[in-house]
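Work out the full structure: start from the sequences and follow the hints.
Chains as they are written, first to last, in this note's numbering: chain E, 1 to 448; chain Y, 1 to 321.
Just so you know, the hints here were simulated from the structure itself, not pulled from any lab data.
The reader is advised that the hints may include incorrect statements.
Straight line, CA to CA, 30 angstroms or less: simulated DSBU-like cross-link-like pairs of lysine-lysine [what the hints assert, rightly or not]:
#1 Y:Lys295 / E:Lys314
#2 Y:Lys311 / Y:Lys271
#3 E:Lys209 / E:Lys13
#4 Y:Lys94 / Y:Lys242
#5 E:Lys205 / E:Lys99
#6 Y:Lys76 / E:Lys389
#7 E:Lys176 / E:Lys289
#8 E:Lys184 / E:Lys277
#9 E:Lys289 / E:Lys389
#10 Y:Lys169 / Y:Lys242
#11 Y:Lys311 / E:Lys389
#12 Y:Lys271 / Y:Lys169
#13 Y:Lys213 / E:Lys56
#14 Y:Lys295 / E:Lys389
#15 Y:Lys169 / E:Lys389
#16 Y:Lys225 / E:Lys389
#17 E:Lys277 / E:Lys351
#18 E:Lys56 / Y:Lys225
#19 E:Lys56 / Y:Lys211
#20 Y:Lys295 / Y:Lys169
#21 Y:Lys112 / Y:Lys311
#22 Y:Lys304 / E:Lys314
#23 E:Lys13 / E:Lys289
#24 Y:Lys225 / Y:Lys59
#25 E:Lys312 / Y:Lys295
#26 Y:Lys213 / Y:Lys169
#27 E:Lys289 / E:Lys442
#28 Y:Lys59 / Y:Lys76
#29 E:Lys56 / E:Lys176
#30 E:Lys289 / E:Lys312
#31 E:Lys445 / E:Lys99
#32 E:Lys389 / Y:Lys213
#33 E:Lys30 / E:Lys209
#34 E:Lys442 / E:Lys176
#35 E:Lys445 / E:Lys184
#36 E:Lys351 / E:Lys442
If you're wondering where the values come from, they're calculated on a predicted model, not measured in any experiment.
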Amino acid sequence: MASEVNTDFLFDKRLDSIATDILRPVGISKGFLVWMGFLIISLSGCIYAYYIQWDKGLIVTGLRDYVSWGMYIANFIFFVATSLVGMLISSVLGLMGFKWVKPIARIAEIIAVAFAAIAGLVIVSDMGRPERLPYVFMYGRIQSPILWDVTVVTTYLVLSTLLYLLPLIPDLAISKGRIGHTPKWLQSTYEVLSVNWNHTPQQYKILLKSVRILLIIIIPTAFAIHTVTSWLLAVTLRPGWDSSIFGPYFLTGAFVAGSAAVVIMMYFARTNYKLDKYLTNYHFDMMGKLLVLVSLVYLYFNINEYLVPAYKLKTADAVHLHDLFVGEYAPMFWSVQLLGLIFPIILLLFKFFRRPLPMSIISVVVLIAAWFKRYLIVVPTQENPFLPKQFVPQAWMVYQPTVIESAITMGTILLAVIIITVLFKLFPVIPIWEMAEEQSEKDHKSEE
Amino acid sequence: MSNSNNINHDSNHAGENTNSRRKFFKNFGLIGAAAAAGGAAIYSGHEYEVSKPNHDMVKVLTADNRLVEVPRDQIKDVKLDMTELQRQGREGLKGHRFVMVIDLSKCRNARKCITACQGAHHLRPYEYHINTLVMQESPETAPYYMPKPCQHCDNPPCVAVCPVNATFKRQDGIVLIDNERCIGCRFCIAACPYSARLFHWEEPLMAEADKGKPYNIELNVPQKKGTISKCLFSSDRLREGKLPYCVSACPNGVYYFGDENQDAVTNGTTKETYRLSELLRVNGGYHLMPELGTKPRVFYLPPKNRLFEFKDDRDQNKEKT
Numbered sequence: 001m002a003s004e005v006n007t008d009f010l011f012d013k014r015l016d017s018i019a020t021d022i023l024r025p026v027g028i029s030k031g032f033l034v035w036m037g038f039l040i041i042s043l044s045g046c047i048y049a050y051y052i053q054w055d056k057g058l059i060v061t062g063l064r065d066y067v068s069w070g071m072y073i074a075n076f077i078f079f080v081a082t083s084l085v086g087m088l089i090s091s092v093l094g095l096m097g098f099k100w101v102k103p104i105a106r107i108a109e110i111i112a113v114a115f116a117a118i119a120g121l122v123i124v125s126d127m128g129r130p131e132r133l134p135y136v137f138m139y140g141r142i143q144s145p146i147l148w149d150v151t152v153v154t155t156y157l158v159l160s161t162l163l164y165l166l167p168l169i170p171d172l173a174i175s176k177g178r179i180g181h182t183p184k185w186l187q188s189t190y191e192v193l194s195v196n197w198n199h200t201p202q203q204y205k206i207l208l209k210s211v212r213i214l215l216i217i218i219i220p221t222a223f224a225i226h227t228v229t230s231w232l233l234a235v236t237l238r239p240g241w242d243s244s245i246f247g248p249y250f251l252t253g254a255f256v257a258g259s260a261a262v263v264i265m266m267y268f269a270r271t272n273y274k275l276d277k278y279l280t281n282y283h284f285d286m287m288g289k290l291l292v293l294v295s296l297v298y299l300y301f302n303i304n305e306y307l308v309p310a311y312k313l314k315t316a317d318a319v320h321l322h323d324l325f326v327g328e329y330a331p332m333f334w335s336v337q338l339l340g341l342i343f344p345i346i347l348l349l350f351k352f353f354r355r356p357l358p359m360s361i362i363s364v365v366v367l368i369a370a371w372f373k374r375y376l377i378v379v380p381t382q383e384n385p386f387l388p389k390q391f392v393p394q395a396w397m398v399y400q401p402t403v404i405e406s407a408i409t410m411g412t413i414l415l416a417v418i419i420i421t422v423l424f425k426l427f428p429v430i431p432i433w434e435m436a437e438e439q440s441e442k443d444h445k446s447e448e
Numbered sequence: 001m002s003n004s005n006n007i008n009h010d011s012n013h014a015g016e017n018t019n020s021r022r023k024f025f026k027n028f029g030l031i032g033a034a035a036a037a038g039g040a041a042i043y044s045g046h047e048y049e050v051s052k053p054n055h056d057m058v059k060v061l062t063a064d065n066r067l068v069e070v071p072r073d074q075i076k077d078v079k080l081d082m083t084e085l086q087r088q089g090r091e092g093l094k095g096h097r098f099v100m101v102i103d104l105s106k107c108r109n110a111r112k113c114i115t116a117c118q119g120a121h122h123l124r125p126y127e128y129h130i131n132t133l134v135m136q137e138s139p140e141t142a143p144y145y146m147p148k149p150c151q152h153c154d155n156p157p158c159v160a161v162c163p164v165n166a167t168f169k170r171q172d173g174i175v176l177i178d179n180e181r182c183i184g185c186r187f188c189i190a191a192c193p194y195s196a197r198l199f200h201w202e203e204p205l206m207a208e209a210d211k212g213k214p215y216n217i218e219l220n221v222p223q224k225k226g227t228i229s230k231c232l233f234s235s236d237r238l239r240e241g242k243l244p245y246c247v248s249a250c251p252n253g254v255y256y257f258g259d260e261n262q263d264a265v266t267n268g269t270t271k272e273t274y275r276l277s278e279l280l281r282v283n284g285g286y287h288l289m290p291e292l293g294t295k296p297r298v299f300y301l302p303p304k305n306r307l308f309e310f311k312d313d314r315d316q317n318k319e320k321t
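Okay, structure coming up:
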């Protein structure tokens, strides 16, 4: 992102066509209403499931004393993981000067905001006494990684929201007078959020400076949120969690999940909003290469995480790894590793698969595998504690998620989808001013 | 008194009317004066008693840990409310470092310790503060029973991870849980390598019966849905100077309990007291999984010289629960 903005683009006639393209899908359509209706009706079922859990206690889940963290915690890690992609795309790639991330950056931020916002709720769904949530702030002990997690996830959410909102301001101002087809309240929302923006170079200077500061400070924050999340497990003594590479292992895994989510949403925007002019094959190609890169790094950490203990086979590790490699969890483990990691790496090496449709299908598989990967990290470890499980009901020996538990988990996913839907449909998903600026810059260069 | 006057009056009725009346008034006056004087004396005595500074005083330790004096006759028995129970429960018993020694060579899996514990803490048959496990290190070594309470670690992983100070380590070495504080995140369960903690997934067994009772943190009763419960080394009994429930209930002399500071432990079955250091030295006492660095306060004596048949009753007990 350049530190100076040439505001010439505002007078470029192409701004009009870009704005028209990007603002065309904005607003409330029949499809949007049907989709939101579907989401909200499904969500109300999930909320009812949560009411049952609230009333009866966590007995309605498959959790028991041995496996006391299950789907909820796996889901929490998945949410935090997916949200990290905002930092990867906007900060890491953006600051390094990769121009192709410009039309994707906002999509990545939307995913970051949605998943980070719901991550907190996911954790509450796992609490035995959710009404005591304020105790974390009243009696918080700084030694507990939960405190660190609450702090950094909140910080990340605030920073991501700002990184979404600030670059949106010029777009909202540009949209003024161009969104006559949308309802009045949405237009007033634009009015309020655009905070009297009138495109002075001074304003752009302040905007770029603040965005740049945010882009820099969000990097350590993002590293912190997933590292700390990994520490929820890694600070314990249990085989399978007691690992010194859990921080980077989680972080790299997060980039795989997040990149896949971005590809899916890019494909959606491209086809449904007819934005193929802005989300071109080139962008998908680059995202495909990025996905290969982050998957390779993640594969490297996977090899370290599983191969080194498997070589030594310490008593407790041996039991755990046996479960994963050939035991009860083997089908899930190998599906996740092959479908979610190995095959995508191989396929995406070929240009053919880095086209929008094939890559989106691969990304869906990768994202689902990413969810199950978190499940495999959280659950099997607890099924093999140090001391034998004896003299308890059979149901306590293994973890079997219940329908209620799955419904609540589905509810959190629906909530994230609702946030994404609203931000996608009611606001421009591609930065209009940056696209226009890029265009006019290109023209300048070709003139010279 | 007036009665006797009347009798007097009647007997002297003939000819001594005036005399007897004078007598009557005289008597009456005397008695009245005496009564007034006596009353005054009693009143002033009372005043004096009330106001005198060096009353019979008693030294009392207040809730905020001040030593104060109060008159003995003004002391009223107060039932401890929850705040006071919490305060004393979090503070612990000064000057003690409690330890438990479990002699594995004597355990026959009678499970009396478990039922006593569950009775005291209002738990279901499969909710364990203490559980007896069937252990076998390798196929070649002999199996044995191992009672497993909370190890009350001196470096407790559960306490470190608790976000709200609901589980804590007391000065007497005991690790307790405050279910009025617990948020139910179960991080402590994840952190505990001994699987020593239980969570109330549903309404506790005696939730109805215990309703309204002040929460005793040293007994963890009433138990609460959505919170953690765990072995407390029966700290309510220790406060009364008694041995823990499990220790007293054992029919086989498995448990020794005592104070590391006094270097003494008492066997719960025989009530004989031993020197802790001696007992551990002679019998080769050890900790469970010392390599984890948790520094338990529970010692084990190895399962050697067992003179009874080993019966693997895991399955049978599974059916029972």
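These are the hints, each one checked on the structure:
1. Y:Lys295 / E:Lys314: 22 angstroms, holds
2. Y:Lys311 / Y:Lys271: 28 angstroms, holds
3. E:Lys209 / E:Lys13: 27 angstroms, holds
4. Y:Lys94 / Y:Lys242: 16 angstroms, holds
5. E:Lys205 / E:Lys99: 19 angstroms, holds
6. Y:Lys76 / E:Lys389: 50 angstroms, violated
7. E:Lys176 / E:Lys289: 37 angstroms, violated
8. E:Lys184 / E:Lys277: 29 angstroms, holds
9. E:Lys289 / E:Lys389: 46 angstroms, violated
10. Y:Lys169 / Y:Lys242: Distance ~21 angstroms between lysine 169 of chain Y and lysine 242 of chain Y Cα, so the pair holds.
11. Y:Lys311 / E:Lys389: Roughly 18 angstroms between the alpha carbons, so the hint for lysine 311 of chain Y and lysine 389 of chain E holds.
12. Y:Lys271 / Y:Lys169: Since the Cα atoms of lysine 271 of chain Y and lysine 169 of chain Y sit roughly 28 angstroms apart, the hinted pair holds (cutoff 30 angstroms).
13. Y:Lys213 / E:Lys56: 22 angstroms, holds
14. Y:Lys295 / E:Lys389: 23 angstroms, holds
15. Y:Lys169 / E:Lys389: This hinted pair holds, its Cα atoms lying about 26 angstroms apart.
16. Y:Lys225 / E:Lys389: 23 angstroms, holds
17. E:Lys277 / E:Lys351: Given pair lysine 277 of chain E, lysine 351 of chain E holds - Cα atoms ~20 angstroms apart, limit 30 angstroms.
18. E:Lys56 / Y:Lys225: Holds - the C-alpha atoms of lysine 225 of chain Y and lysine 56 of chain E are around 9 angstroms apart, at most 30 angstroms.
19. E:Lys56 / Y:Lys211: The hint holds at about 17 angstroms.
20. Y:Lys295 / Y:Lys169: 13 angstroms, holds
21. Y:Lys112 / Y:Lys311: 16 angstroms, holds
22. Y:Lys304 / E:Lys314: Satisfied, since the Cα-Cα distance of roughly 26 angstroms is no more than 30 angstroms.
23. E:Lys13 / E:Lys289: Answer violated: lysine 13 of chain E to lysine 289 of chain E is near 34 angstroms, above 30 angstroms.
24. Y:Lys225 / Y:Lys59: 41 angstroms, violated
25. E:Lys312 / Y:Lys295: Given pair lysine 312 of chain E, lysine 295 of chain Y holds - Cα atoms ~26 angstroms apart, limit 30 angstroms.
26. Y:Lys213 / Y:Lys169: 25 angstroms, holds
27. E:Lys289 / E:Lys442: With Cα atoms ~25 angstroms apart, lysine 289 of chain E and lysine 442 of chain E stay inside 30 angstroms; holds.
28. Y:Lys59 / Y:Lys76: 14 angstroms, holds
29. E:Lys56 / E:Lys176: Not OK: lysine 56 of chain E and lysine 176 of chain E at ~51 angstroms, beyond 30 angstroms, violated.
30. E:Lys289 / E:Lys312: 35 angstroms, violated
31. E:Lys445 / E:Lys99: Measuring from Cα to Cα gives roughly 15 angstroms; hence the hint holds.
32. E:Lys389 / Y:Lys213: 33 angstroms, violated
33. E:Lys30 / E:Lys209: 40 angstroms, violated
34. E:Lys442 / E:Lys176: Cα-Cα ~26 angstroms, so holds.
35. E:Lys445 / E:Lys184: 41 angstroms, violated
36. E:Lys351 / E:Lys442: OK: lysine 351 of chain E and lysine 442 of chain E at ~27 angstroms, within 30 angstroms.
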